[in-house]
Structures are given as C-alpha cells and as structure tokens.
Amino acid sequence: MKRVCVDAVMLESRSNELAARSIKGETKRAWIDLAISCIDLTTLEGRDSPGRVRSLCAKARTPLPGSDAPSVAAVCVYPNFVGIARRALEGSAIRVASVATAFPAGQSELAVKLADTEQALGAGADEIDMVIDRGAFLSGDEDRVVAEIRAVKDRCGDRHLKVILETGELGSYTAIRRACDLALEAGADTIKSSTGKIGTNATFPTALAMCDALASFFRRTGVRRGLKLAGGIRNTKQALGYLAILNETLGEPWLDPGSFRFGASALLDDLLMQRERVRTGHYTRPERIPKD
Amino acid sequence: MSSSPYAAAPESTRPRIRDEYGLFIGGTWSAPQSGRYDVTIDPAREEPIARVAYGGPDDVARAIRSARKAYERWWAPMKPATRAKYLFRIARAITERSREIAVLESMDGGKPIREARDFDVPMAAAHFFYYAGWADKLEWVLRAGRRPQPLGVCGAIVPWNFPLLMAAWKIAPALACGNTVVLKPAETTPMTALLLAEIARDADLPPGVLNVVTGDGATGAALVAHPGLDKVAFTGSTEVGREIARALAGRETRLTLELGGKAAHILFEDAPLDQAIEGVVRGIYFNQGHVCCAGSRLLVEESILDETVARLQQRIDRLRVGDPLDKNTDIGAINSRAQLERIDELVRSGVEQGATLIQQRCDLPERGYFYRASFFTNVQSSHRIAREEIFGPVLAVMSFRTPEEAIEKANDTPYGLSAGVWTERGSTNMAVARGLTAGVVWCNTFNRFDPASPFGGFRESGFGREGGVHGLNEYLA
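Protein chains in written order, with this note's numbering: chain D, 1 to 292; chain S, 1 to 477.
Treat the hints as calculated values from the structure; they're not laboratory data.
One should not assume that every hint holds.
To be verified - Listed next, the in silico DSS-like pairs over lysine-lysine satisfying Cα-Cα at most 27 Å (straight line):
#1 LYS153/D with LYS2/D
#2 LYS2/D with LYS28/D
#3 LYS24/D with LYS327/S
#4 LYS153/D with LYS28/D
#5 LYS79/S with LYS137/S
#6 LYS153/D with LYS237/D
#7 LYS291/D with LYS28/D
#8 LYS327/S with LYS28/D
#9 LYS79/S with LYS237/D
Every value quoted in this text rests on a predicted model; they were computed, and no experiment measured them.
Starting from the given sequences, assemble the full structure and let the hints guide the process.
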C-alpha cells in the first residue's frame with residue numbers, strides 16, 4: 001500500500017479555515033441535533049459504578065427531559081459495565097459500545113486483548129472500540145498492527161469495530177495518515193482519533209487528515225467507512241467546526257451517526273444549552289441541564 | 001458526493017458610506033476642478049455605492065504640489081522615530097476598523113468577505129506595522145557608510161484586485177523612508193483608499209503627506225506625466241506598465257513595476273496530494289483569480305495526471321460561489337463587467353483552440369458579475385489560455401515527464417512573477433526552484449505572504465521588489 005505523505009502547513013491552514021465556517025440559522029439548528037445524535041456518550045473512569053452507568057444510560061435516552069432533543073447514538077463504557085448498560089438501554093435504539101484490547105495503552109498480549117474483546121461481546125456490546133499497538137506501529141512493525149486489528153475484527157464478526165489510533169502519540173500527520181490507511185485496510189469499520197486519556201486528543205488538522213484517508217479509501221473501494229473523533233471536544237463551536245470539515249471533505253452521506261461519532265461526555269450539555277438558545281433566543285441556566 | 005449547503009451567514013456590519021467623495025489633497029477633501037463625479041458600483045449587486053470625484057491633470061498637479069510642500073516642510077525633516085509613530089497609529093486604526101474596511105473592500109471589489117477579513121485587511125495593517133518599525137532603523141538597510149535619504153514625492157498607482165493592500169504595500173515603505181505620496185486607486189475600487197485617507201486624517205498625519213486622487217487611467221497617466229514626481233510605483237497590467245515605462249524614459253523619476261503573471265504549479269508524483277490539490281485550488285480561485293501571482297497553470301507529472309484531474313473536478317464542485325458578503329462564500333463576484341467579458345472571451349478561445357473545459361456545476365446568482373470555477377485539460381503551450389493572463393478563476397492543466405521538462409514548460413512564458421513546487425523531496429524542491437525564473441517560488445504552499453518577504457517579478461512581470469528590506473531600497477536615494 002502506497003505511503004501517503006501529509007504536509008503539516010497546508011493541512012493546518014485548510015482545517016482551520018474549514019472549522020471557521022459560519023454555521024448559522026437552519027444549518028446550526030439541524031447540526032446541533034445531528035451532533036447530539038452522533039454522540040457516543042462516554043464514561044471511562046476508575047470510579048465508574050453501576051449506578052453511574054445507569055444514570056448515563058438514562059441521559060442517553062432522554063438528554064433533556066421535557067424537550068424533543070434526540071437521543072445519542074451509543075453509550076461507551078468499560079467491558080465490565082456492558083451488561084448493565086445493555087439492560088438499562090433495553091427497548092431503545094441506542095447502541096452499547098465497549099472499549100477493549102487493554103484500553104487505553106494496549107500494553108498486553110494479543111490473547112488478553114482478544115479475551116477482553118470476547119468478554120465485551122459476550123455481555124452484549126454492539127460496538128468495540130479497540131486501541132492499536134502504538135509501540136509496534138512506531139517501531140515500524142506494521143504487520144503486527146494489522147494482524148491485531150484483523151484478529152479483533154474476526155472476533156467482532158458483524159459487530160462494529162472502531163479502531164483507536166491515539167493520534168496524539170503518533171508523532172506526525174504523515175504517521176497518522178499511515179495508521180488510518182493500515183486500519184482501514186485491516187477492516188476497521190470506523191477509525192477513531194483518541195482514547196481521551198492523553199494530553200493531545202482530536203484536533204482540527206487530525207480530523208482533516210483522517211477525513212482525507214476515508215475519502216481516499218472510498219474512492220478506491222467504493223466503501224464508506226466511519227470516523228469517530230474523541231477527547232477534548234467540549235463545546236458546540238468545536239463540534240460544528242468538525243462537522244464542517246466532514247461536510248466539505250467527505251460530504252453529506254457522512255453526516256449521520258452510521259458514519260460519524262463524537263466520543264464525548266461534557267459536549268452533550270453544551271449542545272443542549274445551545275439548542276435551547278437557538279430555539280428560544282436566550283440562554284438557559286446551566287443548572288437546568290441534568291449533569292448525568 | 002455533494003456537501004450539504006449552509007444557511008445564509010451574511011456579514012452584518014455596514015460601513016458608513018457618504019453619498020459623495022471628493023479628492024483628498026493637503027489633508028482636506030476638495031471638489032475636482034472638472035466637477036465630474038463617477039459612480040462606483042457593487043459588482044455583486046450591480047448597485048451604486050457612492051459618487052467619487054474624477055481627478056484631472058489640474059487636480060493631480062495640485063496634489064503633487066501639496067505632497068512636495070509636505071515633504072520639504074514636515075515629513076522629510078521629521079525625526080524618523082516620530083514618522084514611525086504616525087505609521088503605527090495608522091496600523092492600529094486599520095486594525096481597529098478592520099471589520100468595516102473588510103466589508104467595504106468586499107462590497108466595492110466583489111471579493112469574499114472571508115478573504116477581505118482574513119487576508120486583505122490584516123495584511124495591510126501588518127505592512128504598516130512592519131515598516132513603522134523600520135522608520136528609525138534605515139541605516140541598516142543600505143551598505144555601510146551610505147546615509148539613507150528619501151526620494152521626494154512618490155506616485156502610487158494601484159489595481160482593483162487588492163485595493164487597500166496594494167496601497168499599503170506602497171504607502172507604508174514610502175512614508176517610513178520620509179517620502180510623501182499621491183495615491184491613485186483603481187477606477188472600480190476607490191472606496192478603501194478613501195477610507196485610508198480618513199484614517200490618515202484621524203491619525204493627524206501632516207497635511208499633504210498622503211494624498212488620494214481618484215479617477216481612471218487618464219488620471220494615472222496625468223500623474224505619471226507630471227515632472228514633479230520623484231518616483232512611480234505601479235501595480236497593474238503589463239500593458240499599462242509598458243506605457244508608464246515609456247512615459248518615464250529619459251526622466252530622473254525612479255520606477256518600480258509589479259505587473260502580470262502566468263505562474264505555474266509543478267506537481268510531482270510524490271507530493272502530498274491532498275494538500276497539493278487544496279494549494280492549487282487556493283492558488284487559482286483565491287480572489288476569483290484576480291491575482292497577479294495566481295497559479296494559473298498546473299504542470300502535473302504524467303503518472304498522476306488522471307487522478308489529479310478527477311480530484312480537481314470533484315473539488316471545484318464544492319466551492320461556494322455567490323454573495324461576497326456571505327461569510328461562507330469561497331468565490332465572490334468578478335470585479336467588473338469588462339473583466340467578466342475578458343475572462344469569457346479567453347475561455348472561449350481555449351475551447352476553440354481545442355482544449356477541454358471543465359467547469360464547476362452550480363447555480364450563479366441572477367444579478368452581478370459571476371463566473372464558475374473552471375479549468376482546462378488538453379492544453380498546449382501555444383494556446384492563448386496557456387500564455388495570456390486571464391485574471392479570472394480559470395486554470396490550464398498540462399503534464400510533464402521529467403523535472404527538466406517541467407522547468408522548461410514553467411519558464412515558457414513572457415512573465416516571471418511566481419511559481420509553485422509540490423514535492424515531498426527536499427532535493428527535488430531545491431533543484432527545481434533554482435531552475436525557475438520567478439520572483440517568488442512557493443514550496444508545498446501557495447499565495448502565502450508576509451511583510452518581511454520581498455515580492456516582485458522578472459521579465460514582463462516587472463522589476464523592483466516590494467516588502468521586506470528590499471522594499472525599502474526602492475524608496476531610498
């Protein structure tokens with residue numbers, strides 16, 4: 001597979017230009033709801049508890065009681081909470097996503113990673129968010145990266161596999177692009193930017209580089225694969241910026257929870273605030289939005 | 001795949017516009033001797049903006065007299081650090097009034113508000129800031145032992161594509177060096193020059209240091225013909241540049257010319273293609289292609305020609321053509337009906353001569369002068385579209401096999417203003433850049449500017465440099 005190089009100066013300038021699109025009126029109204037419906041509402045903390053997961057699921061169903069805000073796309077938890085989330089979301093279309101493969105660092109043997117995946121699948125996860133072996137990738141062992149993704153995809157079968165590249169650890173946009181291409185070739189249904197567990201998360205230029213990889217894969221194969229941006233996306237302005245990048249590189253078909261997700265938690269509250277603002281013309285009190 | 005359209009996002013700021021503008025001479029507004037006023041229009045709406053004085057030879061002479069007086073009495077003898085203070089003041093005022101200026105520039109010229117806001121106005125302010133800093137450090141510009149001396153009265157004649165920015169490129173270094181200026185803006189875009197005059201007055205710039213005489217080509221000719229000028233700085237077409245050079249032949253008047261161009265991008269197979277496509281798009285469709293250094297020819301390595309053409313075709317369909325005052329507009333209005341007709345005529349010649357025309361698929365506004373983003377394939381070097389400056393959103397795509405051929409084709413033009421090289425290999429980049437006859441060579445980028453970087457051409461693209469230390473040399477004796 002041809003190595004594609006990425007020029008940082010032009011990538012950054014173009015992504016910032018797109019993210020500065022002026023999203024107003026009807027587009028803003030529609031995209032706020034789109035952003036909500038694309039959220040993988042996430043809790044990945046050491047202090048997670050069954051109660052916390054259940055309340056997250058309740059919020060996923062009805063983000064703002066008494067409003068017609070859409071529900072989110074999925075709830076994303078650690079494997080041991082998949083069963084609880086599954087039961088809490090019974091009867092809804094909201095999917096259960098689980099991180100797996102020794103999230104977030106991926107520092108474990110393949111057998112352990114596969115067992116991790118199987119446990120999550122066995123408990124009823126619809127989607128698996130795996131991490132790539134960054135050590136192998138950075139040392140040049142691309143075969144191992146690809147083999148691991150293939151093995152996990154093999155276990156997932158029809159269920160949706162998101163491959164987390166942890167772009168903040170890859171060192172350059174060219175490396176990020178390479179990781180995207182490898183993951184897509186290996187069968188990732190979605191490529192995902194970050195774990196949210198390190199300092200550098202999704203950024204506008206990273207998102208653009210990932211969109212370019214997906215566009216290239218689509219041109220080559222005719223297959224539409226997905227994108228998930230995660231970590232540090234906390235407000236509506238950022239979210240609209242990312243949607244503009246998506247819209248002007250991949251186009252309208254990607255503006256859908258089937259092809260695009262935000263991995264986030266705090267973002268939902270800001271989107272709900274802005275949603276009220278767009279509808280009523282004034283800001284609501286932050287206290288009126290339930291925290292979880 | 002199409003992208004989703006955006007709801008209208010109109011810029012809401014409206015600049016204060018007077019019904020009528022006189023000539024700005026000696027620090028005050030005065031009526032033209034002829035009593036004639038011309039209407040400047042908004043090319044996107046075909047509606048009048050204001051009535052603007054038409055300066056004749058007598059007005060030009062009066063402006064030069066006032067500039068001479070200001071030069072001798074105040075500006076040249078002034079402490080350089082004090083001159084700097086005025087320039088800083090102007091720079092700050094441009095920044096403070098940036099939104100208003102950007103809207104006016106967009107209305108008068110047709111360019112997208114996004115570009116006026118993010119490029120023209122901040123870059124104009126940056127030039128004033130940059131040259132303000134030089135005003136009291138001019139001893140470092142010249143060879144050791146030479147004392148920096150201003151030239152006297154400078155005539156600045158600027159085009160309609162970047163009206164304020166081109167004025168800033170000339171006024172800022174001229175004033176920093178101790179010269180005074182008579183500015184003649186383009187006939188179709190006088191508004192921001194008049195606003196700059198307002199700013200100069202508000203900044204208490206001594207009367208006569210900056211004079212603005214509006215009018216058309218004849219006004220410019222009268223300015224050039226006047227014996228009281230020590231220097232002419234012109235940006236515009238090669239044709240007019242030639243006339244000016246002829247008019248100045250045998251006179252002591254110094255001259256810098258920044259003229260047309262027919263720049264080539266050279267796109268190698270190993271280039272970062274996603275970014276290169278964006279760079280090519282930015283290179284030709286920026287400001288509707290009304291850019292002297294626009295990358296209007298694209299030379300592609302044969303192995304990636306088909307892919308590049310397919311990608312370009314997809315890409316131009318995503319450009320948003322329309323109301324310049326909508327913040328999401330990528331391509332605004334063509335500056336004038338005459339320019340629209342010229343673009344149309346050249347594109348038709350391309351089709352007649354056998355090139356293949358590919359145009360963006362989109363609706364155009366019913367009123368105003370608009371043109372679709374376009375490019376040609378199957379272009380021969382002898383076609384008019386490959387040789388003449390179109391000054392519109394039209395690109396000519398050709399291919400090459402070896403770097404030598406690419407350099408030869410890129411240089412096969414009477415112009416020599418700019419060029420672009422796209423490759424991931426530093427060695428190729430350097431070798432090719434060295435072979436190009438162009439004043440600016442951008443590597444893996446295009447149309448990037450900085451006040452510290454000199455700009456200017458070879459051959460029929462003119463002579464002299466604007467920007468940077470080099471730009472100061474042109475205004476010092």
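Okay, the hints, checked on the actual structure:
| no. | hint | in the structure |
| --- | --- | --- |
| 1 | LYS153/D with LYS2/D | 23 Å, holds |
| 2 | LYS2/D with LYS28/D | 39 Å, violated |
| 3 | LYS24/D with LYS327/S | 10 Å, holds |
| 4 | LYS153/D with LYS28/D | 36 Å, violated |
| 5 | LYS79/S with LYS137/S | 12 Å, holds |
| 6 | LYS153/D with LYS237/D | 34 Å, violated |
| 7 | LYS291/D with LYS28/D | 24 Å, holds |
| 8 | LYS327/S with LYS28/D | 14 Å, holds |
| 9 | LYS79/S with LYS237/D | 49 Å, violated |
Hint compliance for this structure: hints 2, 4, 6 and 9 are not met, and every other hint is.
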